[in-house]
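Going down the list, the protein sequences come from chains A and B.
With positions in the first sequence counted from 1, the corresponding number in our numbering is that position plus 333.
With positions in the second sequence counted from 1, the corresponding number in our numbering is that position plus 333.
Everything labelled a hint here was simulated from the structure, so no lab data went into it.
Mixed in with the good hints there might be a few duds.
It does not matter which identical chain is meant; a pair holds if it fits inside one copy or across any two.
Stated by the list, open to error - DSSO-like mimics (lysine-lysine), calculated; alpha carbons at most 27 Å apart, straight line: (1) LYS740 - LYS686; (2) LYS700 - LYS512; (3) LYS443 - LYS700; (4) LYS740 - LYS622; (5) LYS740 - LYS443; (6) LYS512 - LYS612; (7) LYS443 - LYS622; (8) LYS686 - LYS612; (9) LYS700 - LYS622; (10) LYS740 - LYS750; (11) LYS750 - LYS512; (12) LYS750 - LYS686; (13) LYS622 - LYS750; (14) LYS740 - LYS612; (15) LYS700 - LYS740; (16) LYS686 - LYS443; (17) LYS622 - LYS612; (18) LYS686 - LYS700; (19) LYS512 - LYS443; (20) LYS612 - LYS443.
On a predicted model such as this, the values are computed, not experimentally measured, just so you know.
2 protein chains.
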Amino acid sequence: MGLIRSWVASANDDTDFPLNNLPCGVFSLQNQEPRCGMAIGDFIVDLTALEEDGIIGFAEGPLFDVPFWNEAMEAGPAVWAELRATVSGLLAEGSSQRAQVEPHLVPRAKAALHLPFLVAEYTDFYAGRNHAVNVGTMFRGAENALPPNWLHIPIGYNGRASSVVVSGTDVRRPWGQVKSPEHDLPAFQPSRRFDIELEMGAVVGQASDHGYPVTVAEAEEMIFGYVLLNDWSARDIQAWEYQPLGPFQAKATATTISPWIVMRAALEPFRVSTPAREKPLLPHLAEPKPMLYNIELEVGLTPAGGAETVIARTNYAEMYYSAPQQLAHHTTSGCAMNVGDLLGSGTISGLAKDSRGSLLELSWGGKEPFAVAGGTRSFIEDNDTLVLRGAARAEDYRIGFGECAGKVIPALADPYKRN
Amino acid sequence: MGLIRSWVASANDDTDFPLNNLPCGVFSLQNQEPRCGMAIGDFIVDLTALEEDGIIGFAEGPLFDVPFWNEAMEAGPAVWAELRATVSGLLAEGSSQRAQVEPHLVPRAKAALHLPFLVAEYTDFYAGRNHAVNVGTMFRGAENALPPNWLHIPIGYNGRASSVVVSGTDVRRPWGQVKSPEHDLPAFQPSRRFDIELEMGAVVGQASDHGYPVTVAEAEEMIFGYVLLNDWSARDIQAWEYQPLGPFQAKATATTISPWIVMRAALEPFRVSTPAREKPLLPHLAEPKPMLYNIELEVGLTPAGGAETVIARTNYAEMYYSAPQQLAHHTTSGCAMNVGDLLGSGTISGLAKDSRGSLLELSWGGKEPFAVAGGTRSFIEDNDTLVLRGAARAEDYRIGFGECAGKVIPALADPYKRN
Numbered sequence: 334m335g336l337i338r339s340w341v342a343s344a345n346d347d348t349d350f351p352l353n354n355l356p357c358g359v360f361s362l363q364n365q366e367p368r369c370g371m372a373i374g375d376f377i378v379d380l381t382a383l384e385e386d387g388i389i390g391f392a393e394g395p396l397f398d399v400p401f402w403n404e405a406m407e408a409g410p411a412v413w414a415e416l417r418a419t420v421s422g423l424l425a426e427g428s429s430q431r432a433q434v435e436p437h438l439v440p441r442a443k444a445a446l447h448l449p450f451l452v453a454e455y456t457d458f459y460a461g462r463n464h465a466v467n468v469g470t471m472f473r474g475a476e477n478a479l480p481p482n483w484l485h486i487p488i489g490y491n492g493r494a495s496s497v498v499v500s501g502t503d504v505r506r507p508w509g510q511v512k513s514p515e516h517d518l519p520a521f522q523p524s525r526r527f528d529i530e531l532e533m534g535a536v537v538g539q540a541s542d543h544g545y546p547v548t549v550a551e552a553e554e555m556i557f558g559y560v561l562l563n564d565w566s567a568r569d570i571q572a573w574e575y576q577p578l579g580p581f582q583a584k585a586t587a588t589t590i591s592p593w594i595v596m597r598a599a600l601e602p603f604r605v606s607t608p609a610r611e612k613p614l615l616p617h618l619a620e621p622k623p624m625l626y627n628i629e630l631e632v633g634l635t636p637a638g639g640a641e642t643v644i645a646r647t648n649y650a651e652m653y654y655s656a657p658q659q660l661a662h663h664t665t666s667g668c669a670m671n672v673g674d675l676l677g678s679g680t681i682s683g684l685a686k687d688s689r690g691s692l693l694e695l696s697w698g699g700k701e702p703f704a705v706a707g708g709t710r711s712f713i714e715d716n717d718t719l720v721l722r723g724a725a726r727a728e729d730y731r732i733g734f735g736e737c738a739g740k741v742i743p744a745l746a747d748p749y750k751r752n
Numbered sequence: 334m335g336l337i338r339s340w341v342a343s344a345n346d347d348t349d350f351p352l353n354n355l356p357c358g359v360f361s362l363q364n365q366e367p368r369c370g371m372a373i374g375d376f377i378v379d380l381t382a383l384e385e386d387g388i389i390g391f392a393e394g395p396l397f398d399v400p401f402w403n404e405a406m407e408a409g410p411a412v413w414a415e416l417r418a419t420v421s422g423l424l425a426e427g428s429s430q431r432a433q434v435e436p437h438l439v440p441r442a443k444a445a446l447h448l449p450f451l452v453a454e455y456t457d458f459y460a461g462r463n464h465a466v467n468v469g470t471m472f473r474g475a476e477n478a479l480p481p482n483w484l485h486i487p488i489g490y491n492g493r494a495s496s497v498v499v500s501g502t503d504v505r506r507p508w509g510q511v512k513s514p515e516h517d518l519p520a521f522q523p524s525r526r527f528d529i530e531l532e533m534g535a536v537v538g539q540a541s542d543h544g545y546p547v548t549v550a551e552a553e554e555m556i557f558g559y560v561l562l563n564d565w566s567a568r569d570i571q572a573w574e575y576q577p578l579g580p581f582q583a584k585a586t587a588t589t590i591s592p593w594i595v596m597r598a599a600l601e602p603f604r605v606s607t608p609a610r611e612k613p614l615l616p617h618l619a620e621p622k623p624m625l626y627n628i629e630l631e632v633g634l635t636p637a638g639g640a641e642t643v644i645a646r647t648n649y650a651e652m653y654y655s656a657p658q659q660l661a662h663h664t665t666s667g668c669a670m671n672v673g674d675l676l677g678s679g680t681i682s683g684l685a686k687d688s689r690g691s692l693l694e695l696s697w698g699g700k701e702p703f704a705v706a707g708g709t710r711s712f713i714e715d716n717d718t719l720v721l722r723g724a725a726r727a728e729d730y731r732i733g734f735g736e737c738a739g740k741v742i743p744a745l746a747d748p749y750k751r752n
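Required output: the full structure, derived from the provided sequences and hints.
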């Protein structure tokens, strides 16, 4: 299937947001309450307004009278399909309703974008093999790089939902407790090894029942869509705190997501399998069909007042476990999943040196600073802006995610003094 | 200060709930919507009804028109104090409003109790020194028992808020992936080492700002009150999954809390200091005054149809870090805390063998089964009921928490088949 043409001209050529995409966001114009919309070319179609005007409507009652997508997600996969079909029809070339819909198009460049959904709980996985091998080699040596469980379960930890912010939000360099090998006692200071992690996020759109695991196939049906996700990480804080219970404050400063949730249906033509298994998976974690996606990813770093350097290029297809496998594993103990839960994929690194999804890997723990326009980097410096981008590419269109960007601003001079 | 006498006679003698306590819960009678109340002797005073009838009221608007305490918590410490003073006055011996209030007393024995608040996010700490030493010795040997960071920061991990249930909820033995040393490959099976952890939970009643750490003193002011907390733990699942990112599914089956939040003010007479520091804390984590409480705790185990054995007796004063220290550490990275966040203290074990707060410690990893009425235990058996109890004791009254109970029911025969 090729490009579906729209009467919105900018949706037909060189855009992240052709009619095939229709990603879900929350936006506002100046002095306006945030509302739900879908990106289309250079515009956003205002779903809250379309629903108020009766141009779209659902048997479940109003879904867009709130400034987040949780109600629409809760309505379920049949409604998700109905919504896509309806809006696609309204915006398609030759639509008889163009005159009614056109007044509800808003120029994207004028809109502020907000978190697209209320994040219920946030879980972050560690399911990229190259990343796990790289980090494991640095922390534990090449022989113990991959933990013994890694090939058998998607390793993950619970993150902090209150840390999730939308693209464009400044991220302040955190303070934290660190300890260097040459000192006897730890110190409390701003992080000196602040980093990104290039990830995809899966947005859970349907709940599971407390006490009952779900299969991988059921898990896939629960996923509403995907975002880009930057799991900001303070490596010096992490190294001191993470034994024995895992990362905590090192990952709690911020987690940035892209403003548009790309629905699963838009990614359907881009399915790919997880890589060949080195060890067979237990049956309850095996994929019944390909559940990863061919999504090209890149990371750009721009120093203050400088030019951008693309520091990494990789692909979501590098993951060893898909989001449905992670979600199924998440429920094995009977853990209830809820609408609005967010699952980070884990850092996505390729085999090549310039395909690594974190500065920790790109600079090999700071030992091999790499070149950027106007200098070198081991870790993030103050006022650097980091941008993740991603797109699934077909012959005559692409499904993009928009930018997932954040500028790192200097640490507070005194963390206990308010200005 | 001694017992404050009430016209509710059962509040004046041998009760967890004298007028000095006034803990906060959510209850319902048959065919009634859940509502907010405070326990008093053998009764619950129906705050939702008192507010509807105008007997109590707050400048902030209605606080009890919802079946959870989050709105009352959000109203802040001044309102918490006002509420306690008002209800205490209404229920005090000699109150002129007895005739108006008495119709709104409900017998506790007839009420169903619900989760007292919406749990925003759940964090579990590891701040009991004896527990950390015991578990560390079993897992890593006596020489490496206490991780190097342990004496410098309250180690914690993010748990799963969706796992939190109220006392009385059955807990189903979970399935999970485990690997025994004698097998090459892991297996997916019901947990054979299912366990409790005796903890206190601190309920966060005020939010902090994203990006700004709070001091230990500020953290204490954010805490609304305390509950008993049982962090159910599948030790065999935990042993396989916890490296390198910490416990995940092993702790996600259920977390049971007692139904009554005991407000901080009720515990004021029972303050005690954390133990002497083996190594000095960095200043931002030091306690400005005693912030632990002298709360006697015990665990009872009752087999199906059998008699209860008290398997452990200990005290909250055993903790190395207080909840305000934990909460302050939680914000060091700029992590935002929200109304309804729940912080588990970590397992509370004393030095004596019969003061250990988990079966893992009581049976020393299953190697030393201990006696219970009618048999022995290494870990929990199907249909065992585990009950935590706690009380701070003054000369002529006690501040109790009510029971934190759960019965472990057999695992699903096939976790992917619904009956």
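Taking the hints in turn, this is what the structure says about them:
{"no.": "1", "hint": "LYS740 - LYS686", "in the structure": "within (24 Å within a copy, 53 Å between copies)"}
{"no.": "2", "hint": "LYS700 - LYS512", "in the structure": "within (18 Å within a copy, 37 Å between copies)"}
{"no.": "3", "hint": "LYS443 - LYS700", "in the structure": "neither (43 Å within a copy, 67 Å between copies)"}
{"no.": "4", "hint": "LYS740 - LYS622", "in the structure": "neither (39 Å within a copy, 39 Å between copies)"}
{"no.": "5", "hint": "LYS740 - LYS443", "in the structure": "within (21 Å within a copy, 57 Å between copies)"}
{"no.": "6", "hint": "LYS512 - LYS612", "in the structure": "between (38 Å within a copy, 14 Å between copies)"}
{"no.": "7", "hint": "LYS443 - LYS622", "in the structure": "neither (41 Å within a copy, 52 Å between copies)"}
{"no.": "8", "hint": "LYS686 - LYS612", "in the structure": "within (26 Å within a copy, 42 Å between copies)"}
{"no.": "9", "hint": "LYS700 - LYS622", "in the structure": "neither (41 Å within a copy, 44 Å between copies)"}
{"no.": "10", "hint": "LYS740 - LYS750", "in the structure": "within (22 Å within a copy, 48 Å between copies)"}
{"no.": "11", "hint": "LYS750 - LYS512", "in the structure": "within (24 Å within a copy, 50 Å between copies)"}
{"no.": "12", "hint": "LYS750 - LYS686", "in the structure": "neither (42 Å within a copy, 46 Å between copies)"}
{"no.": "13", "hint": "LYS622 - LYS750", "in the structure": "between (54 Å within a copy, 21 Å between copies)"}
{"no.": "14", "hint": "LYS740 - LYS612", "in the structure": "neither (41 Å within a copy, 38 Å between copies)"}
{"no.": "15", "hint": "LYS700 - LYS740", "in the structure": "within (24 Å within a copy, 54 Å between copies)"}
{"no.": "16", "hint": "LYS686 - LYS443", "in the structure": "neither (38 Å within a copy, 67 Å between copies)"}
{"no.": "17", "hint": "LYS622 - LYS612", "in the structure": "within (18 Å within a copy, 55 Å between copies)"}
{"no.": "18", "hint": "LYS686 - LYS700", "in the structure": "within (14 Å within a copy, 49 Å between copies)"}
{"no.": "19", "hint": "LYS512 - LYS443", "in the structure": "neither (46 Å within a copy, 55 Å between copies)"}
{"no.": "20", "hint": "LYS612 - LYS443", "in the structure": "neither (51 Å within a copy, 56 Å between copies)"}
Checked against the numbered hints above, the structure violates hints 3, 4, 7, 9, 12, 14, 16, 19 and 20; every other hint is satisfied.
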